[in-house]
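These protein sequence lines map, in sequence, to chains A and B. Note that my numbering gives residue 457 to position 208 of the first sequence, counting from 1, and the numbers run on in steps of one. Note that my numbering gives residue 247 to position 245 of the second sequence, counting from 1, and the numbers run on in steps of one.
Honestly, the hints are just simulated from the structure, not real lab data. You may find that some hints are simply not true.
Unchecked claim - Listed below are the simulated DSSO-like cross-link pairs for lysine-lysine, each with C-alpha atoms no more than 30 angstroms apart in a straight line:
#, chain 1, residue 1, chain 2, residue 2
1, A, Lys394, A, Lys429
2, A, Lys429, B, Lys143
3, B, Lys160, A, Lys394
Unchecked claim - To give a feel for the contact side, a few chain B residues facing chain A, derived at Cβ under 10 angstroms:
#, residue
4, Arg39
5, Ala40
6, Asp140
7, Gln144
8, Asp214
9, Gly218
10, Leu220
11, Thr223
12, Gly250
Claimed, not checked - Far from chain A by the CB rule (all over 12 angstroms, computed), these chain B residues:
#, residue
13, Thr66
14, Gly152
15, Ile232
Just so you know, even glycine gets a beta-carbon here, dropped at the ideal spot from N, CA and C.
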Amino acid sequence: IIDEGKLEGILSELEMILLESDVAFDVVDEITQKLKDSLVGRRKKIGQKLSDIVIDELKSILKDILDRNRFDFDEFVRNVDKPANILFVGVNGTGKTTTIAKIAKRLTSQGYSVVVAAGDTFRAGAIEQLEEHAKNLGVKIIKHKTGADPAAVIFDAIKHAEAKGIDIVLSDTAGRMHTKKNLIDQLGKIKRVTKPALTIFVDESLAGNDAIERARMFNDAVGIDGSILTKLDADPKGGTAISISYITGKPVLFVGTGQSYDDLEKFSSEWLIGRIFD
Amino acid sequence: MALEALKDVVRKIKSSSSIDKYLVEEIVRDIQRALLRADVNVRHVKQISDAIKKRALSEDVLPTFNVREHIIKIVYEELMRGIGEGLDIPLKKAKIMLVGLQGSGKTTTTAKMAKYFKDKGLKAGVITADTWRPAAYDQLKQLAEAYDIGFYGDKNEKDAVKIVRDGLEKMKDYDIIIIDTAGRHALEEGLINEMIEISRVANPDYKLLVLDAAIGQLASTQAKRFHDAIGIDGIVITKFDGTAKGGGALSAAREIGIPIAFLGTGEKVEDFEKFDPAGFVSRLLGM
Ligand SMILES: Nc1nc2c(ncn2[C@@H]2O[C@H](COP(=O)(O)OP(=O)(O)OP(=O)(O)O)[C@@H](O)[C@H]2O)c(=O)[nH]1
Ligand SMILES: Nc1nc2c(ncn2[C@@H]2O[C@H](COP(=O)(O)OP(=O)(O)OP(=O)(O)O)[C@@H](O)[C@H]2O)c(=O)[nH]1
Ligand SMILES: [K+]
Ligand SMILES: [Mg+2]
Ligand SMILES: [Mg+2]
Numbered sequence: 250i251i252d253e254g255k256l257e258g259i260l261s262e263l264e265m266i267l268l269e270s271d272v273a274f275d276v277v278d279e280i281t282q283k284l285k286d287s288l289v290g291r292r293k294k295i296g297q298k299l300s301d302i303v304i305d306e307l308k309s310i311l312k313d314i315l316d317r318n319r320f321d322f323d324e325f326v327r328n329v330d331k332p333a334n335i336l337f338v339g340v341n342g343t344g345k346t347t348t349i350a351k352i353a354k355r356l357t358s359q360g361y362s363v364v365v366a367a368g369d370t371f372r373a374g375a376i377e378q379l380e381e382h383a384k385n386l387g388v389k390i391i392k393h394k395t396g397a398d399p400a401a402v403i404f405d406a407i408k409h410a411e412a413k414g415i416d417i418v419l420s421d422t423a424g425r426m427h428t429k430k431n432l433i434d435q436l437g438k439i440k441r442v443t444k445p446a447l448t449i450f451v452d453e454s455l456a457g458n459d460a461i462e463r464a465r466m467f468n469d470a471v472g473i474d475g476s477i478l479t480k481l482d483a484d485p486k487g488g489t490a491i492s493i494s495y496i497t498g499k500p501v502l503f504v505g506t507g508q509s510y511d512d513l514e515k516f517s518s519e520w521l522i523g524r525i526f527d
Numbered sequence: 003m004a005l006e007a008l009k010d011v012v013r014k015i016k017s018s019s020s021i022d023k024y025l026v027e028e029i030v031r032d033i034q035r036a037l038l039r040a041d042v043n044v045r046h047v048k049q050i051s052d053a054i055k056k057r058a059l060s061e062d063v064l065p066t067f068n069v070r071e072h073i074i075k076i077v078y079e080e081l082m083r084g085i086g087e088g089l090d091i092p093l094k095k096a097k098i099m100l101v102g103l104q105g106s107g108k109t110t111t112t113a114k115m116a117k118y119f120k121d122k123g124l125k126a127g128v129i130t131a132d133t134w135r136p137a138a139y140d141q142l143k144q145l146a147e148a149y150d151i152g153f154y155g156d157k158n159e160k161d162a163v164k165i166v167r168d169g170l171e172k173m174k175d176y177d178i179i180i181i182d183t184a185g186r187h188a189l190e191e192g193l194i195n196e197m198i199e200i201s202r203v204a205n206p207d208y209k210l211l212v213l214d215a216a217i218g219q220l221a222s223t224q225a226k227r228f229h230d231a232i233g234i235d236g237i238v239i240t241k242f243d244g245t246a247k248g249g250g251a252l253s254a255a256r257e258i259g260i261p262i263a264f265l266g267t268g269e270k271v272e273d274f275e276k277f278d279p280a281g282f283v284s285r286l287l288g289m
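Given the sequences, and given the hints that come with them, work out the whole structure.
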């Protein structure tokens, strides 16, 4: 029978692995508690190593966290009523605009037609940045001037898609801190006016504990359907995926693995867990 | 969350008049939790807490100090060990080069820093040497124009080194020149070599690493590799207006033994401050 005393050593080692992989401290705490709850009192089969049992259990807890509410993005796109608006949100500089370009490339190469909406009307150079991507990819961009109402820009892009029979609208928004109430409220308005079929939270895998603060606040205030985690090529272990999935209960759909349009990969929980433990 | 933890630490210290092993261990455990929540490198957390434990029990409480002050002093000193109290950039002619990971805030900080020195009476200009990110040129140009800051760039030139050479030539009469570079990480060998080459040609007086306040455990390894490549003189922490505590940036500074120079505290060009170690530590610990 497994008792708490025997578990302590293994658990604190696993805690270290998770912390070093950038799983947020509070999430590590709760995962450890879950592990204890499910293992203490359990009967160990003869010849089974305790550490193997604990690691297997941990992997299965992590898999549950990562795969909650999982859906297949390609299948979603195939079945969704067209035109469908996909809205990208997140804090400053995480990779929203670049990820939109990557998704546009992915969708057009699958045969869908795409328009991008320059919904970041705030940051210097934001419209020009998306414009350059659109030009490189040969997709249409709908833009207004700097300072314009982002909801109106996205609304126009949807109207354009309806008129031209375009399948997917990819809507960019300005990066914003989760703590800025007026800016978060603005996202709420954008959602009400433009009724996105999907709202995707973009964060970077480089982020540590703060990932849970922002994921929670974006999810609570705006509502998200899934996340995309960028910059995995910089070599973080990727524990941020666990933090964000744990807090939001929504799956990570893709990871960004570089600055080229093809550097976007479907997320797999097995792959991430392997990256952390192997 | 961290806030609650540290309030408890302070309460524990307040209510005791003498130091015993039990109290110190409890305090150190709480500090460890606060540091891990603030993204201080796991390895550094262990070094820091071991040092605090040892000193808190072995060093005499100064006569003018109470137990609380004694421990807070030790905690502060151990957190700042090896990184000094900040970086003073004197108000005279200087070239400053900003480098860092993708999206950390370099271009915004370039404009912020130029305005900071301009407001102190220096003639400040910026050079955009990011030939990779779409519209990096437009981004910095728009910021510079809005604040009446000197600007050099060449939209059609793909060679960042040439841009920097030409820009420095054109801006000879400027006091402060800030060079914005493309985002890169340590594993992108081509981009690291480009940075080395820019640094060699520009020969900057200050090479500053720009780090997002939210960066986690990767901060110290990345910083180490940037430092090995060009020699970093200081760190700028950006996005300090959110909820991130900046412990990753602290670990980066500690890893390479350099000071933190400035803080970015918002998206606006005005949102820029000199680093204040006491304020930083309080926030890091949640006090
Ligand atoms: N290495 C790497 N860089 C990336 C990745 N995704 C985005 N980037 C880079 O990160 C930087 C910021 O990307 P953006 O797409 O502008 O980020 P954003 O979230 O739109 O930024 P704001 O609109 O300013 O909030 C750019 O230099 C991108 O090239 C990735 O997966 N890997
Ligand atoms: N809230 C907040 N946002 C900031 C701060 N500094 C920069 N930003 C934002 O962070 C995002 C990225 O900033 P950039 O200056 O484009 O970053 P960069 O390092 O030049 O990016 P690359 O050139 O792509 O590597 C933008 O949305 C900025 O407005 C800050 O201190 N606070
Ligand atoms: K960032
Ligand atoms: Mg953007
Ligand atoms: Mg830049």
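Outcome of the hint check:
Restraint check for Lys394 of chain A and Lys429 of chain A: satisfied, since their Cα atoms lie roughly 23 angstroms apart, inside the 30 angstroms limit. Among the hinted pairs, Lys429 of chain A with Lys143 of chain B is consistent with the structure: their alpha-carbon atoms are about 27 angstroms apart, no more than 30 angstroms. Between Lys160 of chain B and Lys394 of chain A the alpha-carbon distance is near 28 angstroms, which keeps this suggested pair within the 30 angstroms criterion. Because the smallest distance between the Cβ of Arg39 of chain B and any Cβ of chain A comes to about 5 angstroms, under 10 angstroms, the interface hint for this residue holds.
Hint status for Ala40 of chain B: holds, given a least beta-carbon distance of 7 angstroms to chain A, under 10 angstroms. Annotation: Asp140 of chain B was flagged as interfacial toward chain A, and the flag holds, the nearest CB pair being 4 angstroms apart, inside 10 angstroms. Hint on Gln144 of chain B holds. Least Cβ distance to chain A is approximately 4 angstroms, under the 10 angstroms limit. For Asp214 of chain B, the interface hint holds, the least distance from its beta-carbon to any beta-carbon of chain A being 7 angstroms, beneath 10 angstroms.
Restraint check, Gly218 of chain B versus chain A: the minimum CB separation of about 2 angstroms is within 10 angstroms; hint holds. Satisfaction of the interface hint for Leu220 of chain B is found here, the shortest Cβ-Cβ separation to chain A being roughly 5 angstroms, below the 10 angstroms cut-off. With its C-beta approaching chain A no nearer than about 8 angstroms, Thr223 of chain B sits inside the 10 angstroms limit, and its interface hint holds. Interface restraint check: Gly250 of chain B against chain A, minimum CB-CB distance 6 angstroms, threshold 10 angstroms, status holds.
Listed as outside the interface, Thr66 of chain B is consistent with that label: its C-beta sits roughly 36 angstroms from the nearest C-beta of chain A, beyond the 12 angstroms cut-off. With a closest Cβ-Cβ approach of about 16 angstroms to chain A, Gly152 of chain B is found to remain outside the 12 angstroms limit, as its non-interface label requires. The beta carbon of Ile232 of chain B is kept farther than 12 angstroms from every beta carbon of chain A, the shortest such distance being approximately 18 angstroms.
Of the hints listed earlier, there is not a single one the structure fails to meet.
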